[in-house]
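Turn these sequences into a full structure, and let the hints steer you where they fit.
2 protein chains.
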Amino acid sequence: MRLEVWAPLARSVEVVGADGVRRMPLARGEHGLWRAEVPAGFLDAGYRFALDGGEPRPDPRSRWQPDGPHGASRPVDETGLRRHRRAGFRPAALREAVFYELHVGTFTPEGSYAAAREKLPHLAALGVTHVELMPLATFPGRHGWGYDGVAWYAPHPAYGTPEGLAAFVGHCHAHGLGVLLDVVYNHFGPDGCYAPAYGPYLTDRWKTPWGPAVNYDGRHADGVREFAIGNALMWLRDYGFDGLRLDAVHAIVDTGARHLLEELAERVLALGRELDREFVVIAESDLNDPRLVRPPALGGYGLDAHWCDDFHHALHAVLTRERAGYYEDFGSLAQLAAALRDGYVFQGQYSAFRGRRHGRPPEGVRPEQLVVFAQNHDQVGNRARGERLSQLLAPERLRAAAALTLLSPFTPLLFQGEEWGARTPFLFFADHQDPALARAVSEGRRSEFAPFGWNGEVPDPQAPETFLGSRLDWDERGRPAHAALLAWHRRLLALRRARRVAPGERPDVRFDEAEGWIAWRLGDVFAACNLSDAPRAVPFPDGAWQLALAEPAPAAAGAPIPAGATAVFTRGTG
Amino acid sequence: MRLEVWAPLARSVEVVGADGVRRMPLARGEHGLWRAEVPAGFLDAGYRFALDGGEPRPDPRSRWQPDGPHGASRPVDETGLRRHRRAGFRPAALREAVFYELHVGTFTPEGSYAAAREKLPHLAALGVTHVELMPLATFPGRHGWGYDGVAWYAPHPAYGTPEGLAAFVGHCHAHGLGVLLDVVYNHFGPDGCYAPAYGPYLTDRWKTPWGPAVNYDGRHADGVREFAIGNALMWLRDYGFDGLRLDAVHAIVDTGARHLLEELAERVLALGRELDREFVVIAESDLNDPRLVRPPALGGYGLDAHWCDDFHHALHAVLTRERAGYYEDFGSLAQLAAALRDGYVFQGQYSAFRGRRHGRPPEGVRPEQLVVFAQNHDQVGNRARGERLSQLLAPERLRAAAALTLLSPFTPLLFQGEEWGARTPFLFFADHQDPALARAVSEGRRSEFAPFGWNGEVPDPQAPETFLGSRLDWDERGRPAHAALLAWHRRLLALRRARRVAPGERPDVRFDEAEGWIAWRLGDVFAACNLSDAPRAVPFPDGAWQLALAEPAPAAAGAPIPAGATAVFTRGTG
Numbered sequence: 044m045r046l047e048v049w050a051p052l053a054r055s056v057e058v059v060g061a062d063g064v065r066r067m068p069l070a071r072g073e074h075g076l077w078r079a080e081v082p083a084g085f086l087d088a089g090y091r092f093a094l095d096g097g098e099p100r101p102d103p104r105s106r107w108q109p110d111g112p113h114g115a116s117r118p119v120d121e122t123g124l125r126r127h128r129r130a131g132f133r134p135a136a137l138r139e140a141v142f143y144e145l146h147v148g149t150f151t152p153e154g155s156y157a158a159a160r161e162k163l164p165h166l167a168a169l170g171v172t173h174v175e176l177m178p179l180a181t182f183p184g185r186h187g188w189g190y191d192g193v194a195w196y197a198p199h200p201a202y203g204t205p206e207g208l209a210a211f212v213g214h215c216h217a218h219g220l221g222v223l224l225d226v227v228y229n230h231f232g233p234d235g236c237y238a239p240a241y242g243p244y245l246t247d248r249w250k251t252p253w254g255p256a257v258n259y260d261g262r263h264a265d266g267v268r269e270f271a272i273g274n275a276l277m278w279l280r281d282y283g284f285d286g287l288r289l290d291a292v293h294a295i296v297d298t299g300a301r302h303l304l305e306e307l308a309e310r311v312l313a314l315g316r317e318l319d320r321e322f323v324v325i326a327e328s329d330l331n332d333p334r335l336v337r338p339p340a341l342g343g344y345g346l347d348a349h350w351c352d353d354f355h356h357a358l359h360a361v362l363t364r365e366r367a368g369y370y371e372d373f374g375s376l377a378q379l380a381a382a383l384r385d386g387y388v389f390q391g392q393y394s395a396f397r398g399r400r401h402g403r404p405p406e407g408v409r410p411e412q413l414v415v416f417a418q419n420h421d422q423v424g425n426r427a428r429g430e431r432l433s434q435l436l437a438p439e440r441l442r443a444a445a446a447l448t449l450l451s452p453f454t455p456l457l458f459q460g461e462e463w464g465a466r467t468p469f470l471f472f473a474d475h476q477d478p479a480l481a482r483a484v485s486e487g488r489r490s491e492f493a494p495f496g497w498n499g500e501v502p503d504p505q506a507p508e509t510f511l512g513s514r515l516d517w518d519e520r521g522r523p524a525h526a527a528l529l530a531w532h533r534r535l536l537a538l539r540r541a542r543r544v545a546p547g548e549r550p551d552v553r554f555d556e557a558e559g560w561i562a563w564r565l566g567d568v569f570a571a572c573n574l575s576d577a578p579r580a581v582p583f584p585d586g587a588w589q590l591a592l593a594e595p596a597p598a599a600a601g602a603p604i605p606a607g608a609t610a611v612f613t614r615g616t617g
Numbered sequence: 044m045r046l047e048v049w050a051p052l053a054r055s056v057e058v059v060g061a062d063g064v065r066r067m068p069l070a071r072g073e074h075g076l077w078r079a080e081v082p083a084g085f086l087d088a089g090y091r092f093a094l095d096g097g098e099p100r101p102d103p104r105s106r107w108q109p110d111g112p113h114g115a116s117r118p119v120d121e122t123g124l125r126r127h128r129r130a131g132f133r134p135a136a137l138r139e140a141v142f143y144e145l146h147v148g149t150f151t152p153e154g155s156y157a158a159a160r161e162k163l164p165h166l167a168a169l170g171v172t173h174v175e176l177m178p179l180a181t182f183p184g185r186h187g188w189g190y191d192g193v194a195w196y197a198p199h200p201a202y203g204t205p206e207g208l209a210a211f212v213g214h215c216h217a218h219g220l221g222v223l224l225d226v227v228y229n230h231f232g233p234d235g236c237y238a239p240a241y242g243p244y245l246t247d248r249w250k251t252p253w254g255p256a257v258n259y260d261g262r263h264a265d266g267v268r269e270f271a272i273g274n275a276l277m278w279l280r281d282y283g284f285d286g287l288r289l290d291a292v293h294a295i296v297d298t299g300a301r302h303l304l305e306e307l308a309e310r311v312l313a314l315g316r317e318l319d320r321e322f323v324v325i326a327e328s329d330l331n332d333p334r335l336v337r338p339p340a341l342g343g344y345g346l347d348a349h350w351c352d353d354f355h356h357a358l359h360a361v362l363t364r365e366r367a368g369y370y371e372d373f374g375s376l377a378q379l380a381a382a383l384r385d386g387y388v389f390q391g392q393y394s395a396f397r398g399r400r401h402g403r404p405p406e407g408v409r410p411e412q413l414v415v416f417a418q419n420h421d422q423v424g425n426r427a428r429g430e431r432l433s434q435l436l437a438p439e440r441l442r443a444a445a446a447l448t449l450l451s452p453f454t455p456l457l458f459q460g461e462e463w464g465a466r467t468p469f470l471f472f473a474d475h476q477d478p479a480l481a482r483a484v485s486e487g488r489r490s491e492f493a494p495f496g497w498n499g500e501v502p503d504p505q506a507p508e509t510f511l512g513s514r515l516d517w518d519e520r521g522r523p524a525h526a527a528l529l530a531w532h533r534r535l536l537a538l539r540r541a542r543r544v545a546p547g548e549r550p551d552v553r554f555d556e557a558e559g560w561i562a563w564r565l566g567d568v569f570a571a572c573n574l575s576d577a578p579r580a581v582p583f584p585d586g587a588w589q590l591a592l593a594e595p596a597p598a599a600a601g602a603p604i605p606a607g608a609t610a611v612f613t614r615g616t617g
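These protein sequence lines are chains A and B, in that order.
Counting in the working numbering, the first sequence runs from 44 upward without gaps.
Counting in the working numbering, the second sequence runs from 44 upward without gaps.
Please note: incorrect hints may appear among the correct ones.
All copies of an identical chain are treated as equivalent in the list; a pair is satisfied when it fits inside any one copy or across any two copies.
With a cut-off of at most 25 Å between alpha-carbon atoms, the simulated SDA-like pairs for lysine to any residue come out as follows [said to hold, decoys possible]: (1) 162 / 614; (2) 162 / 600; (3) 162 / 485; (4) 162 / 313; (5) 250 / 544; (6) 250 / 293; (7) 250 / 262; (8) 250 / 52; (9) 250 / 263.
In case anyone wonders, no lab produced these hints; they're calculated from the structure.
Set out below in structure tokens:
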């Protein structure tokens with residue numbers, strides 16, 4: 044079996060068996076790669092590498108860390124993984140896509156791939172097209188959001204085996220659902236991270252919110268870039284994922300002539316050609332920068348889409364009237380209208396929250412290249428008490444949030460349980476095993492909210508009940524109020540599927556700040572949200588319109604929209 | 044008189060007169076600007092600002108620091124400066140341009156604008172089109188290269204007054220010469236820098252070789268960006284400069300959606316429209332990244348040109364056979380040929396010196412957008428003993444260097460004295476007044492060369508003779524060998540002016556690594572350099588060619604090129 048590890052500064056590399064006694068040397072190859080052919084049985088019980096005769100450490104590219112990041116590494120049978128791939132499955136194209144973000148550990152009471160599989164009929168019936176899994180790279184402890192992954196190539200053992208993951212992806216495909224994976228290339232987690240012992244994975248030239256940046260542009264960066272890009276290709280090729288969501292790309296600093304993201308997009312495209320599959324690469328970005336998704340010929344990185352926080356903030360601030368933190372920049376219907384049309388609210392204007400001008404116009408960005416949401420793991424979980432909109436808003440505002448998101452021109456994303464207005468919080472939880480780190484995380488969470496005058500209790504991320512309480516309660520789904528909201532989402536998604544929208548079409552948006560309503564026509568659908576407590580006469584676009592969905596319903600198309608109502612109309616045929 | 048200062052975090056700002064007693068408060072305006080109307084006489088004797096009742100400090104935008112960066116600030120009569128502008132002067136367009144880099148302090152024995160003025164007839168006769176002045180922002184001490192400027196808006200007092208500078212620019216124009224200024228926006232010098240006392244000019248998120256980066260993308264960055272951009276506009280508008288050379292833009296880190304350089308280029312373009320003038324903005328960059336000069340519609344920053352180090356390194360390594368430092372990546376005629384064709388040698392290939400892949404193809408870069416040179420202040424001055432090529436190479440190689448540079452498709456730059464093969468070194472010199480800093484600079488210079496096994500003496504940058512010895516010796520110019528080289532440069536520049544080259548045309552380059560010759564045809568000029576010690580038969584392009592310039596001369600067009608010769612041919616008319 045061929046073994047390979049990148050260790051550009053090592054003078055010797057040995058592979059060490061599970062017993063800590065058996066050893067075999069690796070031979071130095073080009074560009075810092077070390078290689079050996081080892082008997083198949085040597086690795087199966089677990090292995091580590093020893094550099095320069097030092098302490099054996101896990102493989103930074105380990106495919107399986109059943110005992111966590113500090114344990115021995117194991118190989119994985121890639122051919123076996125690929126056997127779960129359903130030949131011929133084609134995920135929905137971006138223009139038709141609706142994403143559903145889920146965290147395997149809290150999506151079901153069991154927190155496993157196997158249990159998640161049982162919920163796929165629910166998702167297929169809901170009408171979403173893609174499942175998006177929060178990060179799976181192995182992190183220390185059982186529970187966590189996954190953004191502190193350290194063994195990037197090894198799926199987190201608490202959720203199931205690598206084979207179980209590949210099978211889950213196959214099951215999603217069988218239900219007609221594409222599968223995306225959230226991957227974190229902007230930092231390594233603080234515990235169990237052995238990669239930097241192997242080479243200059245980190246740089247102190249750039250800082251990120253999590254410490255030193257990943258070295259994508261300094262000396263030896265080629266190996267680090269391959270580490271990230273190879274990881275992306277692994278999930279797509281071996282596990283069958285249909286695309287990736289790249290976490291916080293604004294914290295990936297690369298000053299070189301070919302940005303890591305451009306190279307990654309190009310390599311993913313090439314893999315798609317090789318395998319005759321269509322992958323999508325989607326960035327989380329707070330930059331309001333079209334460069335991310337513009338084609339390389341126009342100076343872009345060629346990613347398929349990026350998350351659009353402005354849309355969320357504009358929507359959230361209008362619906363909740365919250366103005367703390369980044370919501371200080373938002374709160375008007377004018378901004379919500381801009382978000383609905385352009386995605387970006389900040390296109391170069393001064394942002395008080397950032398203390399500087401922010402963004403640029405979304406020139407060359409197609410609507411489906413922006414991923415929008417009324418909620419996601421961050422927007423819920425980064426609140427002190429992890430409240431969902433369902434805990435903050437009356438049902439009519441939840442209906443408005445759903446309509447504004449799902450009938451926007453963009454690619455919508457729902458967060459697990461949002462479709463039935465789940466009342467379970469999604470809190471920040473961790474399970475750090477290192478006592479000092481565990482304490483720091485608990486204390487850090489408390490002090491994070493202190494500046495905002497938060498006086499209430501902040502759930503301890505390390506407490507087991509914080510994790511346990513964040514799991515969805517599927518029994519809620521059948522209760523009347525929840526079932527009604529679920530039906531509302533299903534009907535909106537059905538309307539979205541049926542609507543006829545020209546490529547690149549932007550909605551015609553009207554609003555009245557004083558009267559408190561917003562309405563937009565996109566293709567053959569016209570929707571109006573009356574956020575006020577009185578009926579409002581909303582100007583209808585030309586043409587004949589038929590009421591398709593409303594709660595509470597207006598008397599007819601053209602009649603005033605009742606207080607608090609959201610109403611959706613389709614263009615009549617006659 | 045209107046006074047204005049940016050101090051976004053101050054609670055109070057007062058202007059303090061030269062006597063330290065007279066004070067007037069400034070009023071807080073928008074976005075951190077403080078303003079006051081002061082009697083004209085108040086400022087003339089010198090002024091400082093006191094923030095929050097603290098110690099008075101110089102104005103960060105001071106227009107004149109006659110006593111150096113630590114002294115009082117003085118206003119300047121901008122209308123008076125602008126009076127030196129010669130209406131209707133048009134500098135040569137980039138496609139016709141040849142730059143001449145000079146350091147005011149060493150260009151003449153006197154080291155002043157007034158003395159430099161006397162040399163303008165020499166430059167006009169040489170055939171260059173633009174003078175490029177090394178940085179003028181005030182730095183501590185009398186002598187220095189200028190890259191440690193701290194009072195960005197105040198011309199260094201050792202060279203003359205602001206009025207004297209404006210007059211010098213006007214004199215250049217009178218001689219038909221455009222004038223460019225080297226400006227340093229990537230860092231502040233280590234002594235006398237008061238700007239950070241006024242606001243968050245620096246960030247610790249990014250590091251540069253000189254310490255913390257300038258804060259162009261963090262909180263309060265708008266004011267810092269205006270500080271840089273306003274500086275660029277000042278030199279162009281008030282002093283009459285025709286363009287700027289931006290020092291080391293790879294150390295300007297801006298992760299926002301609109302890069303500082305793009306905004307700067309846009310604002311300079313707008314000023315040109317307003318004044319009906321054509322400015323150029325040229326970056327020094329080691330990125331091999333076309334983004335710098337591509338138009339904004341194609342994702343570029345829209346700069347006019349950038350320096351091309353690869354061309355220099357390829358040329359220098361071939362001619363000198365040096366392989367230390369960054370020359371380890373160079374040394375073949377194949378690379379020199381690539382440099383002559385594309386400018387960039389590294390277009391994504393692995394660079395051993397950088398320990399990573401470097402650059403990308405120069406797609407969309409027009410030849411005149413690359414500034415090339417056989418020598419410049421850095422390439423000479425960053426050698427331990429500041430040797431020019433004339434101290435390293437035999438005359439025939441100097442002639443080859445000149446032909447390769449001046450008959451390239453790019454925009455060539457000569458460094459002061461290069462045209463006559465000056466024998467005076469150009470050393471790194473400084474005049475730091477702070478004793479600890481002075482010591483650190485002296486010691487730093489010595490230790491810089493230690494790793495390269497440099498055993499000889501490294502001249503002390505702080506020693507007066509280091510500066511004095513770096514001044515040009517104009518008496519050399521008339522001595523036979525020097526005069527011959529000067530004539531060679533003049534004749535090459537005349538051939539360059541007369542040649543007919545299609546827009547965007549790249550040379551057809553041939554070479555023989557083993558035989559040691561390189562030849563290229565561009566438009567109606569064919570040139571060949573035989574770097575070997577035997578005559579070489581070089582294949583001529585189709586057509587009739589006439590010998591235009593050669594040393595030593597071949598028998599005829601088509602005949603072998605003598606050992607060591609450079610020969611230039613023009614297309615015959617018959």
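Each hint tested on the structure:
1. When the C-alpha separation of residue 162 and residue 614 is checked against a cutoff of 25 Å, the pair qualifies neither within a copy, at 35 Å, nor between copies, at 79 Å.
2. For the identical chains of this complex, residue 162 and residue 600 are neighbours neither inside a copy (38 Å) nor across copies (83 Å), given an alpha-carbon limit of 25 Å.
3. Taking CA atoms no more than 25 Å apart as the test, residue 162 paired with residue 485 passes in neither setting, with 32 Å inside one copy and 71 Å between copies.
4. Within a single copy, residue 162 and residue 313 get their C-alpha atoms no closer than 33 Å, and across copies no closer than 59 Å, so neither meets the 25 Å cut-off.
5. For the identical chains of this complex, residue 250 and residue 544 are neighbours neither inside a copy (43 Å) nor across copies (48 Å), given an alpha-carbon limit of 25 Å.
6. When the C-alpha separation of residue 250 and residue 293 is checked against a cutoff of 25 Å, the pair qualifies both within a copy, at 11 Å, and between copies, at 17 Å.
7. When the C-alpha separation of residue 250 and residue 262 is checked against a cutoff of 25 Å, the pair qualifies both within a copy, at 17 Å, and between copies, at 15 Å.
8. Both within a single protomer and between protomers do residue 250 and residue 52 lie at most 25 Å apart by alpha-carbon distance, with minima of 23 Å and 24 Å respectively.
9. For a Cα distance limit of 25 Å, the shortest separation of residue 250 from residue 263 qualifies both inside one copy, at 18 Å, and across copies, at 18 Å.
When the structure is compared with the earlier hints, violations turn up for hints 1, 2, 3, 4, 5 and for no others.
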